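Peer 1: If you're matching positions, the first sequence starts at 271 in the numbering used here and goes up one per residue.
These aren't lab readings, by the way, just hints derived from the structure by calculation. There may be inaccurate statements among the hints.
[Unchecked claim] Below, a list of computed lysine-lysine pairs in the DSSO-like style, where the Cα atoms sit at most 27 Å apart:
{"#": "1", "residue 1": "K658", "residue 2": "K488"}
{"#": "2", "residue 1": "K845", "residue 2": "K687"}
{"#": "3", "residue 1": "K658", "residue 2": "K556"}
{"#": "4", "residue 1": "K457", "residue 2": "K482"}
{"#": "5", "residue 1": "K639", "residue 2": "K687"}
{"#": "6", "residue 1": "K556", "residue 2": "K389"}
{"#": "7", "residue 1": "K292", "residue 2": "K457"}
{"#": "8", "residue 1": "K635", "residue 2": "K579"}
{"#": "9", "residue 1": "K488", "residue 2": "K531"}
Keep in mind the model is a prediction, meaning the values are calculated, not measured.
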Amino acid sequence: MTALKSKWQEYIYNAITAAATKAGVDAGIDSADKIMVGNPPKPEMGDFSFAMFPFAKAFKTAPTAIAAMVVSELESNTEVIAAGSLSTAGPYVNVKVDISDTASEVLDVVISQGEEYGKVETLAGKKIMVEFSCPNTNKPLHLGHLRNDSIGACISRILDAAGASVMKVNLINDRGIHICKSMLAYKKFGGDTRPESEGVKSDHFVGNYYVKFDQWSKEDEKAIEGAQKMLQDWEAGDAETTELWRQMNKWTIDGIEQTYKATGISFDKVYYESNTYASGKEEVIKGLEDDVFYKEDDNSIWIDLSDIKLDKKVLLRGDGTSLYMTQDLGTAIARHTDWPFDQLIYVVGSEQQYHFSVLFHILKKLGYKWADDLKHLSYGMVNLPDGKMKSREGTVVDADDLVKQLTGLAREEIVSKERGDEVDDLDTTAHSIALGALNYYLLQVTPSKDMIFNPAESLSFNGNTGPYLQYMGARISSMLRKFEEKKVDFTGIEADASLLTVEEEKEIIKMLISWPEKVEQAAAEYNPSCLTAFMYELAKTFSRFYHDNPVLKNENKQLAVTRLKLSSAVLQVLKNGFSLIGIPFLEKM
RNA sequence: GCGCCCGUAGCUCAGCUGGAUAGAGCGCCGGACUUCGAAUCCGUAGGUCGUAGGUUCGAAUCCUACCGGGCGUACCA
């Protein structure tokens with residue numbers, strides 16, 4: 271299709287320059303690829319459109335007249351006439367092309383390339399590290415983490431599809447004052463209890479003590495002091511503190527890993543802040559010696575950011591303990607040493623934009639040239655219909671609960687449709703539908719925007735949703751199964767793309783052709799939502815086509831075979847999209 | 001105060017490297033199951049694209065100001 275497109279750009283370009291020469295003017299355009307190609311508002315008007323407005327000035331003529339000139343110029347070329355039919359619509363030149371050759375080609379390409387179709391080379395040879403998730407070890411995952419995980423995992427797959435070599439990394443936030451808070455609360459109120467003894471999932475068990483600390487600290491100022499003291503003990507390597515820390519971290523991480531498993535999240539390498547903060551500290555001290563930083567009277571170490579019109583920022587506390595920035599410095603440096611990347615993408619919420627601009631700036635000041643290759647892929651907050659999630663008001667949507675709830679509803683849906691016996695495994699299928707719904711819901715919104723998570727809507731399986739796409743996949747699969755059963759009736763019959771004359775068929779062909787471009791765009795913009803939009807359009811167009819036009823049941827067997835080929839190409843592209851977005855493909859549902 | 005982001009249909013979102021009548025889902029109302037899976041399909045209604053200027057042949061899209069909302073501006077992460 272791109273070949274087709276550039277061919278027409280060439281035709282139009284030649285026609286315009288020829289017309290310009292005849293009119294004795296300079297068309298003001300020097301290459302065919304500068305010709306803008308558009309899509310007519312209605313498919314019956316044509317496949318490509320070319321607006322003549324830009325040439326009005328050079329020709330000193332109304333665009334409508336130029337369109338007429340261009341068309342008459344094109345009609346004198348027999349090659350052009352053979353390639354398509356022309357029409358003018360006011361200032362536009364519209365072209366309707368015969369796409370049967372292209373159709374035949376794209377169907378073959380999609381089917382022979384299979385899951386490779388849509389892989390592109392725009393990032394070939396690039397090493398890209400993607401950091402996402404980054405849980406704290408003091409509480410379980412919530413809805414915000416789910417958006418982070420969805421975006422991070424999806425972007426990783428998209429970059430991979432664009433040819434990059436991708437390393438997915440996690441950073442476990444396992445040290446710091448907030449970690450000490452849940453530890454201290456457990457020490458004070460926990461007694462001999464353990465997750466198993468209470469029958470609570472281990473990360474939730476720890477999270478409950480974090481909540482308890484919050485209540486306690488409101489009544490007793492000593493709570494905060496105690497946490498600070500504990501942090502000092504921890505950094506000093508106090509045995510008892512370290513032991514408690516180890517135990518509680520294990521509980522949280524075990525629990526979070528169960529959640530990752532349930533949501534299909536994985537990493538190539540996991541970093542722990544407890545391993546990198548020390549090198550961050552050294553880096554800060556080195557920077558102090560090199561006069562990049564300065565020391566306050568209380569021994570805290572700072573950077574002056576007035577050169578980039580920001581304030582100043584503390585990098586190390588007066589008591590010598592580390593901060594978020596300290597450890598992020600150490601982590602970044604460790605990563606570049608481990609795997610010298612061309613780009614490192616931090617998938618982190620937009621509330622940390624300031625943090626990252628400072629972090630990147632500091633690394634640059636410390637002399638790391640690769641600081642320019644760091645990118646903060648910032649995403650917006652997830653809010654609820656009645657406002658923000660607030661832990662104090664108990665409105666935080668817990669990740670495990672949400673997945674469980676979605677799975678339960680999907681299960682009910684299957685049962686109520688009496689498909690329980692049809693599907694391969696009820697629980698697995700229900701879970702797959704839940705994941706499809708969740709990932710699609712979270713990824714259809716442009717990452718940079720805040721979004722509202724409407725539980726009722728996200729739980730719906732109708733309309734523009736993941737399960738709708740899964741359903742179309744299952745429908746096509748079902749049809750292909752039926753074809754396999756009756757295959758003998760079709761032996762020796764070859765597909766013929768010139769039979770695809772219905773408007774929807776043409777639209778579908780054009781969409782199939784544009785799939786690789788969509789992947790390219792998604793990678794260039796770090797935006798999965800252009801893929802979700804495309805997939806929905808494709809599924810919907812196919813659905814409309816399928817509703818009105820018999821495929822397998824067509825009396826014309828050759829048309830049946832051709833449409834089957836078209837259907838399986840649609841299924842292939844949908845499946846390729848599914849794997850990028852994180853929608854499990856289901857043969858039956 | 002300063003910095004960044006966002007204002008598109010009742011609600012949730014697309015569209016934003018400027019181009020023909022601004023799209024979809026949900027919801028509302030109305031149709032289609034003896035037919036390849038109705039988790040489907042079709043149709044109706046619903047928008048001065050926050051406001052005002054500017055650039056342009058042409059602006060939801062680019063620029064400026066203002067209004068409204070969010071986030072940040074922590075020795076939290």
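Peer 1: All hints, please: hold or fail.
Peer 2: Hints, verified against the model:
A threshold of 27 Å between alpha carbons decides the hint, and for K658 with K488 the separation of about 22 Å falls inside it, so the pair holds. Distance check on the hinted pair: K845 and K687 sit about 24 Å apart at the alpha-carbon level, within 27 Å; holds. A distance of roughly 42 Å separates the Cα atoms of K658 and K556; the hinted pair therefore is violated under the 27 Å criterion. Between K457 and K482, the direct Cα distance comes to roughly 11 Å. Compliance with the 27 Å bound is thereby established for this hinted pair.
Distance restraint check for K639 and K687: the Cα-Cα separation of roughly 59 Å exceeds the 27 Å cut-off, and the hinted pair is therefore not satisfied. At most 27 Å may separate the alpha-carbon atoms for a hinted pair to count; K556 and K389 exceed this at roughly 45 Å. Between K292 and K457 the CA atoms are separated by roughly 90 Å; this puts the pair beyond 27 Å, and the hint is violated. Distance restraint check for K635 and K579: the Cα-Cα separation of roughly 15 Å lies within the 27 Å cut-off, and the hinted pair is therefore satisfied.
A distance of roughly 36 Å separates the Cα atoms of K488 and K531; the hinted pair therefore is violated under the 27 Å criterion.
Hints 3, 5, 6, 7 and 9 from the earlier list are contradicted by this structure; the remaining hints agree with it.
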